[in-house]
Amino acid sequence: MEDKKRNEAYNRYVKAKIPKTHAWPSLFNSFWVGGVICVMGQGINDLLMLAFPSLSQQSAWAYTLIILIFIASFLTGIGVYDQIGKFAGGGSIVPITGFSNSITSPSIEFKSEGIIYGICVKMFTIAGPVIVFGVVSSMVVGFIYWIISLF
Amino acid sequence: MEIFLSYLWVFLIGGLVCMLGELLIITTNITSARILVTFVLIGVFLEAIDVFDYISDFAKAGINVPIIGFGASLAKGAISAVKTHGLLGVFTGGLTATAGGIAAAIFFAFIFALIFKSHTKK
Amino acid sequence: MEFEQTIKLKKQPRIIGSYTIVGPKEGQGNFGKYFDYIMKDDSFGEKTYEKAERKMIENAIVGVIEKAKLLPKDIDILLAGDLLNQIVSSSYAARAFQFPFLGVYGACSTMAESMAVGSVLVDGGYFDNVVCCTGSHFSTAERQYRFPLELGNQRPPTSQWTVTGAGSCALSLHGEGPKISMITFGKVIDWGVNDVNNMGAAMAPAARDTMLRHFKNTKTTPGDYDLIVTGDLGKLGSEILIDLMEDEGVMLGVNYCDCGQMYFKREQKTLCGASGAGCCATVFNSYIVEKMRDGQYKKILFLPTGALLSATSTQQGDTIPCVCHAIVIEM
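Protein chains in written order, with numbering that gives the first Met the number 0: chain A, 0 to 150; chain B, 0 to 121; chain C, 0 to 330.
Calculated directly from the structure, the hints in this document are not laboratory data.
Owing to the predicted nature of the structure, the values given are computational and were not obtained by experimental measurement.
Note that beta-carbon positions come from the ideal geometry of N, C-alpha and C, so glycine has one too.
It is possible that part of the hints are untrue.
[As the list claims (entries may be wrong)] To be clear about the criterion: a stretch of chain B counts as covered by chain A if any three or more of its residues have a C-beta under 8 Å from a C-beta of chain A, and this derived list gives those stretches:
{"no.": "1", "stretch": "3–13"}
{"no.": "2", "stretch": "18–24"}
{"no.": "3", "stretch": "47–57"}
{"no.": "4", "stretch": "79–90"}
{"no.": "5", "stretch": "112–118"}
[What the hints assert, rightly or not] Under the rule of at most 25 Å between Cα atoms (straight-line distance), these lysine to any residue pairs were calculated in the SDA-like manner:
{"no.": "6", "chain 1": "B", "residue 1": "Lys120", "chain 2": "C", "residue 2": "Val119"}
{"no.": "7", "chain 1": "C", "residue 1": "Lys234", "chain 2": "C", "residue 2": "Val187"}
{"no.": "8", "chain 1": "B", "residue 1": "Lys120", "chain 2": "A", "residue 2": "Val120"}
{"no.": "9", "chain 1": "B", "residue 1": "Lys120", "chain 2": "C", "residue 2": "Gln267"}
{"no.": "10", "chain 1": "A", "residue 1": "Lys4", "chain 2": "C", "residue 2": "Val187"}
{"no.": "11", "chain 1": "C", "residue 1": "Lys268", "chain 2": "A", "residue 2": "Val120"}
{"no.": "12", "chain 1": "B", "residue 1": "Lys82", "chain 2": "A", "residue 2": "Val134"}
{"no.": "13", "chain 1": "C", "residue 1": "Lys297", "chain 2": "C", "residue 2": "Thr220"}
{"no.": "14", "chain 1": "B", "residue 1": "Lys120", "chain 2": "A", "residue 2": "Gln82"}
{"no.": "15", "chain 1": "C", "residue 1": "Lys68", "chain 2": "C", "residue 2": "Ile37"}
{"no.": "16", "chain 1": "B", "residue 1": "Lys120", "chain 2": "A", "residue 2": "Lys4"}
{"no.": "17", "chain 1": "A", "residue 1": "Lys3", "chain 2": "C", "residue 2": "Pro320"}
{"no.": "18", "chain 1": "C", "residue 1": "Lys50", "chain 2": "C", "residue 2": "Leu101"}
{"no.": "19", "chain 1": "C", "residue 1": "Lys50", "chain 2": "C", "residue 2": "Glu141"}
{"no.": "20", "chain 1": "C", "residue 1": "Lys186", "chain 2": "A", "residue 2": "Lys19"}
{"no.": "21", "chain 1": "A", "residue 1": "Lys14", "chain 2": "C", "residue 2": "Cys256"}
{"no.": "22", "chain 1": "A", "residue 1": "Lys14", "chain 2": "C", "residue 2": "Ile188"}
{"no.": "23", "chain 1": "A", "residue 1": "Lys19", "chain 2": "C", "residue 2": "Met244"}
{"no.": "24", "chain 1": "A", "residue 1": "Lys16", "chain 2": "B", "residue 2": "Phe115"}
{"no.": "25", "chain 1": "C", "residue 1": "Lys50", "chain 2": "B", "residue 2": "Phe115"}
{"no.": "26", "chain 1": "C", "residue 1": "Lys66", "chain 2": "C", "residue 2": "Glu329"}
{"no.": "27", "chain 1": "B", "residue 1": "Lys82", "chain 2": "A", "residue 2": "Ala61"}
{"no.": "28", "chain 1": "A", "residue 1": "Lys110", "chain 2": "B", "residue 2": "Phe109"}
{"no.": "29", "chain 1": "C", "residue 1": "Lys264", "chain 2": "C", "residue 2": "Asn29"}
{"no.": "30", "chain 1": "A", "residue 1": "Lys14", "chain 2": "C", "residue 2": "Ala310"}
{"no.": "31", "chain 1": "C", "residue 1": "Lys50", "chain 2": "A", "residue 2": "Ser111"}
[As the list claims (entries may be wrong)] Now the in silico label distances, taken between C-beta atoms and shown as ranges:
{"no.": "32", "chain 1": "A", "residue 1": "Tyr116", "chain 2": "B", "residue 2": "Ile114", "range": "13 to 21 Å"}
{"no.": "33", "chain 1": "C", "residue 1": "Thr313", "chain 2": "A", "residue 2": "Ile146", "range": "37 to 45 Å"}
{"no.": "34", "chain 1": "A", "residue 1": "Pro128", "chain 2": "B", "residue 2": "Phe106", "range": "17 to 25 Å"}
{"no.": "35", "chain 1": "B", "residue 1": "Thr27", "chain 2": "A", "residue 2": "Phe51", "range": "28 to 36 Å"}
{"no.": "36", "chain 1": "C", "residue 1": "Lys46", "chain 2": "A", "residue 2": "Cys119", "range": "15 to 23 Å"}
{"no.": "37", "chain 1": "A", "residue 1": "Cys119", "chain 2": "C", "residue 2": "Lys10", "range": "56 to 64 Å"}
{"no.": "38", "chain 1": "A", "residue 1": "Val131", "chain 2": "C", "residue 2": "Lys7", "range": "26 to 34 Å"}
Between the sequences and the hints, there should be enough to build the whole structure, so can you do that?
This is the structure in structure tokens:
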């Protein structure tokens, strides 16, 4: 009981002792890097629409995302994306490029364990939850719509 | 001028969404996997209450490039598939709508993992 | 036992040789000029970082035997450990040698544990020459405890940088060098910190406990030592330790320092400093041993700390148990 009190007091003390870093620089960096990535996406999308006028809006978006995913995956491979991430934090995690990075990085990391047990098994160690949560929650939404549509 | 303004909106909203992610990281110290999950759920929710399209109309890539857009297409796919296929759509809709992104991420990750080697951080 | 936890060595084994090998980033740090060998590349010419870590430890063992002016056949036993699961790096390194091997694990305090056990073995008269070796590698530790290297995430402000490096020393009754006179074995202490990015705060109570016990048993004060050096508490952890000791009425003054805090230069951006089994092993076996041989330090208290956690215990939300062993080395 006394230990518990001591531990709580110690954790409170440690929390107060942690040096307060200024949040503004990292917030600013994440803002402009994230903004630039989104502008890049818009630019790619607009160029696609210009070059291939027959493309539907939806297909153009799909191509845009695929191109962004390709770029991020490539930058991860040559070891640049983690440096962008170190600088921008949320700015390069939240866009779809961060999703691509989180799939490519463990694949490369665990390549040494072989193609099956390394690359393929470890591919979703970070991004797996994103797909699981996304699929499950969208199915819940779809199911609710189905119930509503019955009446 | 109009194009410039629309790009400014993309920049501002995209930046704000990413900054929100950074704010979450700073204040709660959560890992990037949780950040991604949180934003996907936000996207699904925005689509479910039918406000995503209104934001998307003027924010364009600013809301579609962040992983929120991925969540929204999952939900949108599920909802529209329910309208055409009924119950089966609940199962097929989400992944069908996002298949391009997921397949691309898997494919490129696999190819680049074969080519590249991890680099030590500096 | 005469005193709880503390032993006084009768024959006082000497550190007759020491050797260090580090990565390029470590070579640019504050202790750069004291290391014996600085690798040009983290992968050390190997296919994987795990293999590089093995090679590093292997080279450290070969290096120390040479520097102690011994031959491999003179070595009676090897005590080694590292941070990887089942301490594989040390075991694989040991298979290259024709002497017995004891694996030791104390996380970042492994150097102290191997030196403590080694000097007791020598002091007891059963072994003539014992080699103690510890190493860690940034890239292997990062993958085991944290995230893939290429993942674009930010390190929290309290995090520390695992040292790529291995340090070794040879203990013997015959020869010249600093002698190990007293050892205080530490208890496992857990004050309820579960933040893996704040190891310094988790380990400081363990250092406090062992330090207090040591001062009490040996009836010494911080002023009796030329240098009191902890392992890898880092910037935050060593500040916490100073506070904790002050609460107990023990003032740690200018003769107190921490290997992890001093390891890297400010512009190397390692936040709270260095950590890992290689951190205190490389500082001790290069800088500290050299300064003792030069006569700059006559009596030091060496207190490496270790966080005894695993990736699984972390994911299950457990708090971090920590240990700290104290060794007195005199010239």
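Here is how each hint holds up against the structure:
Three residues within the 8 Å Cβ limit are the bar, and the stretch 3–13 of chain B against chain A gives 7, so the coverage statement holds. For the stretch 18–24 of chain B, the proposed coverage by chain A is satisfied: 7 residues have a C-beta within less than 8 Å of a C-beta in that chain, meeting the threshold of three. Note: the stretch 47–57 of chain B has 1 residues with beta-carbon separation from chain A under 8 Å; the three-residue rule is not met and the coverage is violated. Evaluation of the coverage hint for the stretch 79–90 of chain B: fulfilled, as 8 residues show C-beta separations to chain A shorter than 8 Å, against a requirement of three.
Closer than 8 Å: that is the beta-carbon criterion, and the stretch 112–118 of chain B has 7 residues meeting it against chain A, so the requirement of 3 holds. Taken as a hint, the Lys120(B) and Val119(C) pair is broken in the structure, with Cα atoms around 39 Å apart against an allowance of 25 Å. A distance of roughly 22 Å separates the Cα atoms of Lys234(C) and Val187(C); the hinted pair therefore holds under the 25 Å criterion. With a CA separation close to 24 Å, the supplied pair Lys120(B) and Val120(A) stays within the 25 Å bound.
Proximity of Lys120(B) to Gln267(C) is assessed by CA-CA distance (about 11 Å); at most 25 Å being required, the pair is judged to hold. Proximity of Lys4(A) to Val187(C) is assessed by CA-CA distance (about 19 Å); at most 25 Å being required, the pair is judged to hold. Simply put, Lys268(C) and Val120(A) have alpha-carbon atoms about 33 Å apart, too far for the 25 Å limit, and the pair is violated. Straight-line distance between C-alpha atoms of Lys82(B) and Val134(A) comes to about 18 Å, which keeps the hinted pair within the 25 Å bound.
Under the criterion of a C-alpha separation no larger than 25 Å, the hint pairing Lys297(C) with Thr220(C) is consistent with the structure, at around 15 Å. Between Lys120(B) and Gln82(A) the alpha-carbon distance is near 8 Å, which keeps this suggested pair within the 25 Å criterion. Between Lys68(C) and Ile37(C), the direct Cα distance comes to roughly 21 Å. Compliance with the 25 Å bound is thereby established for this hinted pair. Distance restraint check for Lys120(B) and Lys4(A): the Cα-Cα separation of roughly 40 Å exceeds the 25 Å cut-off, and the hinted pair is therefore not satisfied.
Among the hinted pairs, Lys3(A) with Pro320(C) is consistent with the structure: their alpha-carbon atoms are about 15 Å apart, no more than 25 Å. A distance of roughly 20 Å separates the Cα atoms of Lys50(C) and Leu101(C); the hinted pair therefore holds under the 25 Å criterion. Proposed proximity of Lys50(C) and Glu141(C) is supported: the alpha carbons are some 15 Å apart, at most 25 Å. Between the alpha carbons of Lys186(C) and Lys19(A) the distance comes to roughly 32 Å, so the proposed pair goes past 25 Å and is violated.
A hinted pair counts as satisfied when its Cα atoms are at most 25 Å apart, and Lys14(A) with Cys256(C) qualifies at roughly 23 Å. Between Lys14(A) and Ile188(C) the CA atoms are separated by roughly 19 Å; this keeps the pair inside 25 Å, and the hint holds. Note on Lys19(A) and Met244(C): the hinted pairing holds, with a Cα-Cα distance of about 23 Å set against a maximum of 25 Å. Between the alpha carbons of Lys16(A) and Phe115(B) the distance comes to roughly 42 Å, so the proposed pair goes past 25 Å and is violated.
Restraint check for Lys50(C) and Phe115(B): the C-alpha separation of about 18 Å stays at or below 25 Å, so the hint holds. A hinted pair counts as satisfied when its Cα atoms are at most 25 Å apart, and Lys66(C) with Glu329(C) qualifies at roughly 20 Å. Restraint check for Lys82(B) and Ala61(A): satisfied, since their Cα atoms lie roughly 22 Å apart, inside the 25 Å limit. Simply put, Lys110(A) and Phe109(B) have alpha-carbon atoms about 10 Å apart, close enough for the 25 Å limit, and the pair holds.
Between Lys264(C) and Asn29(C) the alpha-carbon distance is near 6 Å, which keeps this suggested pair within the 25 Å criterion. Taking the CA atoms of Lys14(A) and Ala310(C), the gap is near 23 Å; set against the 25 Å cutoff, the hint holds. Between Lys50(C) and Ser111(A), the direct Cα distance comes to roughly 11 Å. Compliance with the 25 Å bound is thereby established for this hinted pair. For Tyr116(A) and Ile114(B), the hinted distance range of 13 to 21 Å is satisfied, since their beta carbons lie about 19 Å from each other.
A hinted range of 37 to 45 Å holds for the C-beta pair Thr313(C) and Ile146(A), which are about 41 Å apart. For the hinted restraint 17 to 25 Å between Pro128(A) and Phe106(B), the CB-CB distance of approximately 21 Å keeps it satisfied. In this structure the hint that Thr27(B) and Phe51(A) lie 28 to 36 Å apart at CB is violated, the actual value being about 43 Å. For the hinted restraint 15 to 23 Å between Lys46(C) and Cys119(A), the CB-CB distance of approximately 20 Å keeps it satisfied.
A hinted range of 56 to 64 Å for the beta carbons of Cys119(A) and Lys10(C) is consistent with their spacing of about 57 Å. In this structure, Val131(A) and Lys7(C) break the distance hint of 26 to 34 Å, their C-beta atoms being roughly 59 Å apart.
The structure fails hints 3, 6, 11, 16, 20, 24, 35, 38 (numbered hints given earlier, in ascending order).
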